[in-house]
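Visitor: Protein chains in written order, with my numbering: chain A, 35 to 111; chain B, 75 to 298.
Hints were generated in silico from the structure; no laboratory data involved.
Keep in mind that a hint or two might mislead.
Partial selection, computed: residues in chain B whose CB lies under 8 Å from chain A [unchecked claim]: (1) GLY129; (2) ARG133; (3) ARG140; (4) PRO142; (5) GLU169; (6) ALA176; (7) MET178; (8) ARG179; (9) PHE185; (10) VAL212; (11) ALA216; (12) HIS218; (13) GLY248.
One side of the interface only, derived from the structure: several residues of chain A facing chain B at Cβ under 8 Å [to be verified]: (14) ALA81; (15) SER94; (16) VAL101.
Not close to chain A: a few residues of chain B, all C-beta gaps over 12 Å, as computed [unchecked claim]: (17) ASN86; (18) SER197; (19) GLU233; (20) GLU275; (21) THR281.
Every residue gets a Cβ at the ideal spot worked out from N, C-alpha and C, and that includes glycine.
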Amino acid sequence: MKARVFVTLKGGVLDPQGKAIHHALEGLGFSGVNDVRAGKLIELDLADGTSDADIDAMCSKLLANTVIENYRIEKIG
Amino acid sequence: MKSAVITFPGSNCDRDMATALELASGVKPVMLWHRETEIPAGIDLIAVPGGFSYGDYLRSGAMASRSPVMAAVREAAARGVYVLGVCNGFQVLTESGLLPGALMRNAGIHFVCRDVKLTVENSRSAFTSLYAQGEQVVFPVAHHDGNFFADDATLDRLEGEGRVAFRYAEQVNGSARNIAGILNDGGNVLGMMPHPERAVEDAHGNTDGARMFRGLVEGLMAAA
């Protein structure tokens, strides 16, 4: 069983990396990019039967810093 | 004053910190590896040094804050043992929940490595007792993730309770309200991005940091 965890900065938290990517895209001539936010994708290969509560605890205890980040869990298969 | 310095894989300011502590106290600090599960009895101050613990994987300070020794540091802090976290050490303390907020990538993206002016905002703490309120000091900074973030309610509480110990007197990294160092609610835990241990000898070009360590020695000896 696999799960993907998407970690993103909370709205309102400044994202300097997203801003730099935005500038670089503009530098390459791509117009019409309104905003860029960078995040992380973490793929977990889990023992079958790992509970949703355990996956959630992995996120809140380590994978995301909930002071500044949100997370979303996507289970695959 | 008996002190301990934590070393994580990737710490690189642990020996500088030990030298600064020994210079002020005359006693060699105990060096504690990240796998230790207990803080030796009689330790008055634990220093969490700068560096790139665990290669800054996941987030700066994230892996170190979950290491065995940090559980012991949290337990010691709760007993009133003093804890000083500098640079990566500050990041470890916020990630461990010993201090509020988070240290994010510098607003200007660049790694900042230079001397900066700071204002001493609280000279009543054990860490800052030898500084004058409102005094300007110069400490070196060397960090990529020093942009202090906390929500407005937390920032208001920190300011209201006098828990902002140091503020940047110039723009450095985009930190909320120019905060450079904060105290916990008990006043026994200080986290700061600038490096006092790199300003303790004439050869460093500046000795503004020496008073932090001398103040701790005087304060903690008097309390013992």
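Visitor: A separate judgement is required for each hint: does it hold in the structure or not?
Guide: Quick rundown of the hints versus the structure:
1. Taking 8 Å as the C-beta cut-off, the interface hint given for B/GLY129 is violated, the closest approach to chain A being about 15 Å.
2. Annotation: B/ARG133 was flagged as interfacial toward chain A, and the flag holds, the nearest CB pair being 6 Å apart, inside 8 Å.
3. For B/ARG140, the suggested interface contact is upheld, since its CB lies about 6 Å from the closest CB of chain A, less than 8 Å.
4. Look at B/PRO142: its Cβ only gets to about 15 Å from chain A, farther than 8 Å, so that hint breaks.
5. A distance limit of 8 Å between C-beta atoms decides the matter here; for B/GLU169 the minimum to chain A is near 7 Å, and the interface restraint holds.
6. Because the closest C-beta pair between B/ALA176 and chain A is about 4 Å apart, less than 8 Å, the hint holds.
7. Against a cut-off of 8 Å between C-beta atoms, the interface hint on B/MET178 holds, since the closest Cβ of chain A lies about 6 Å away.
8. At its closest, the beta carbon of B/ARG179 sits 5 Å from a beta carbon of chain A; the interface hint therefore holds under the 8 Å criterion.
9. Checking B/PHE185 against chain A: minimum C-beta separation of about 12 Å lies over 8 Å; hint violated.
10. Here the hint on B/VAL212 is broken, as its CB sits about 26 Å from the closest CB of chain A, past 8 Å.
11. A distance limit of 8 Å between C-beta atoms decides the matter here; for B/ALA216 the minimum to chain A is near 18 Å, and the interface restraint is violated.
12. The criterion of a C-beta within 8 Å of any C-beta in chain A is not met by B/HIS218, whose closest approach is roughly 10 Å, and the hint is violated.
13. The restraint placing B/GLY248 at the interface with chain A holds, with a minimum CB-CB distance near 7 Å, inside the 8 Å limit.
14. Hint status for A/ALA81 relative to chain B: violated, with the closest Cβ pair at about 21 Å, above 8 Å.
15. Hint status for A/SER94 relative to chain B: violated, with the closest Cβ pair at about 12 Å, above 8 Å.
16. For A/VAL101, the suggested interface contact is upheld, since its CB lies about 4 Å from the closest CB of chain B, less than 8 Å.
17. No beta-carbon of chain A comes within 12 Å of the beta-carbon of B/ASN86; the shortest separation is about 23 Å.
18. With a closest Cβ-Cβ approach of about 28 Å to chain A, B/SER197 is found to remain outside the 12 Å limit, as its non-interface label requires.
19. Even its closest Cβ contact with chain A, about 18 Å, leaves B/GLU233 beyond 12 Å, as expected for a residue assigned away from the interface.
20. Interface exclusion of B/GLU275 from chain A stands, the closest Cβ pair being 34 Å apart, more than 12 Å.
21. The beta carbon of B/THR281 is kept farther than 12 Å from every beta carbon of chain A, the shortest such distance being approximately 33 Å.
In this structure, the earlier hints numbered 1, 4, 9, 10, 11, 12, 14, 15 are contradicted, and the remaining ones agree with it.
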